[in-house]
Amino acid sequence: MQNLITLDQHIQYGMQEFGPIILALAVVAIIGGSVGAVILMCGWHGAKSMTVDLSHKTLSIVCR
Amino acid sequence: MSRRASERCPLLLPDDILGLAVGLTLQADHLLDVAVGARHSLSQSGEAILRCIADGCRFDTLQAEATILGIKAADLYSLLDFLNAIGGLQRKRSPRNQLRALGLTLRTACMGVHWSPLHRRRIFSPLGVLWASLIATLPVIGACLLLAVVCAGANLAPLGNALIFALGSCIIFVCSITLHEAGHAIAAWKYGAQATIIWSLGNIALLHRRLSPGAESIVSLTGPAAGALLSLAGGILGAHLAWHSLACVCLGITLLHILCLWPGYGDGQAVASALRTKHKGDT
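Chains as they are written, first to last, in the numbering used here: chain S, 1 to 64; chain G, 65 to 347.
Chain S extracted, bound-state conformation:
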């Protein structure tokens, strides 16, 4: 690149980048995956409720 441009040595670039947007998308995708699993198990019209109980570490899926 030196053949084309020589960067200004007096001023350098500082950058702050926010990366975890992709992580947020991954979290939404994981929740979406769980919803997809529920729909596969109970059918499109069959899924009635999905409850997460953190204290007992259980995920309850109630089908119609």
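Since the hints were made in silico from the structure, they are not lab data. Glycine included, every Cβ here is placed at the ideal spot set by N, Cα and C. Be careful, since some hints might not be right.
Claimed, not checked - Far from chain S by the CB rule (all over 12 Å, computed), these chain G residues: (1) Val86; (2) Ala128; (3) Gln154; (4) Pro190; (5) Leu227; (6) Ala306; (7) Arg340.
What the hints assert, rightly or not - What the simulated footprint calls covered on chain G by chain S, stretch by stretch (three residues with Cβ under 8 Å from a Cβ of chain S suffice, anywhere in the stretch; the number is not a length): (8) 192-203; (9) 213-225; (10) 270-276.
Here the structure of chain S is known, so what remains is to put chain G in place on it, guided by the hints.
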């Protein structure tokens, strides 16, 4: 030189129309970056290449011009890479080519070649950073709304409740990212550096003149602190009003802001690099 620069240029298609972003001015033998006050020197070939970009030429025309001037592909790609890294390269692309590029990007990402999307660039303003945050988080917003509609369609939740929850979560997410970036910009401004926002789908960053290591650390820390405080306040309010799901989402967003301080990437990397520079200066 990075592998992508030396071997291929996956971020551009032959009929992409190029341009120079706002804040970059081409002069006789210099490229001025008004945003940070930098003055980069250009060789004759470099000036010809940048003139071609500034005039809005196609990427294949630029490659042909580089061949005529005897410029190596690796040098041309390195220059494009640098312009892209500072948000200085603009591109116009047809929707059909956009789909083609998406396929190419997925393929190259799968092959382990680092790719970089092209960004938009704008001098910092409160409305500008809100718009940039909205565009950057558009994939998350779209996914949340789609999920809410699917949940409602499959009788997992009433449509109204699902949409309100998804929209509420997205609003808090966008506001916290806006405040995160505004925190960086205000801190940089306090140290006399004007900030420029760079954004694309799924990515947002702030560019400014490099400051002293101490100031750079404070600028890097202010963003995550501001974003985390806002989402934490939302979480506490949610818990107080017994909106437990929203409180959980806020807690998740707070964690995302704290994750920014991981030393390997983003703000954490900037702090680590500033501290290393300071340590070297002290010894």
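To see whether the hints hold, each was checked on the structure:
{"no.": "1", "hint": "Val86", "result": "holds, 16 Å"}
{"no.": "2", "hint": "Ala128", "result": "holds, 16 Å"}
{"no.": "3", "hint": "Gln154", "result": "holds, 18 Å"}
{"no.": "4", "hint": "Pro190", "result": "holds, 17 Å"}
{"no.": "5", "hint": "Leu227", "result": "holds, 15 Å"}
{"no.": "6", "hint": "Ala306", "result": "holds, 16 Å"}
{"no.": "7", "hint": "Arg340", "result": "holds, 14 Å"}
{"no.": "8", "hint": "192-203", "result": "holds (count 3)"}
{"no.": "9", "hint": "213-225", "result": "holds (count 6)"}
{"no.": "10", "hint": "270-276", "result": "holds (count 6)"}
Violated hints are absent here; each numbered hint is respected by the structure.
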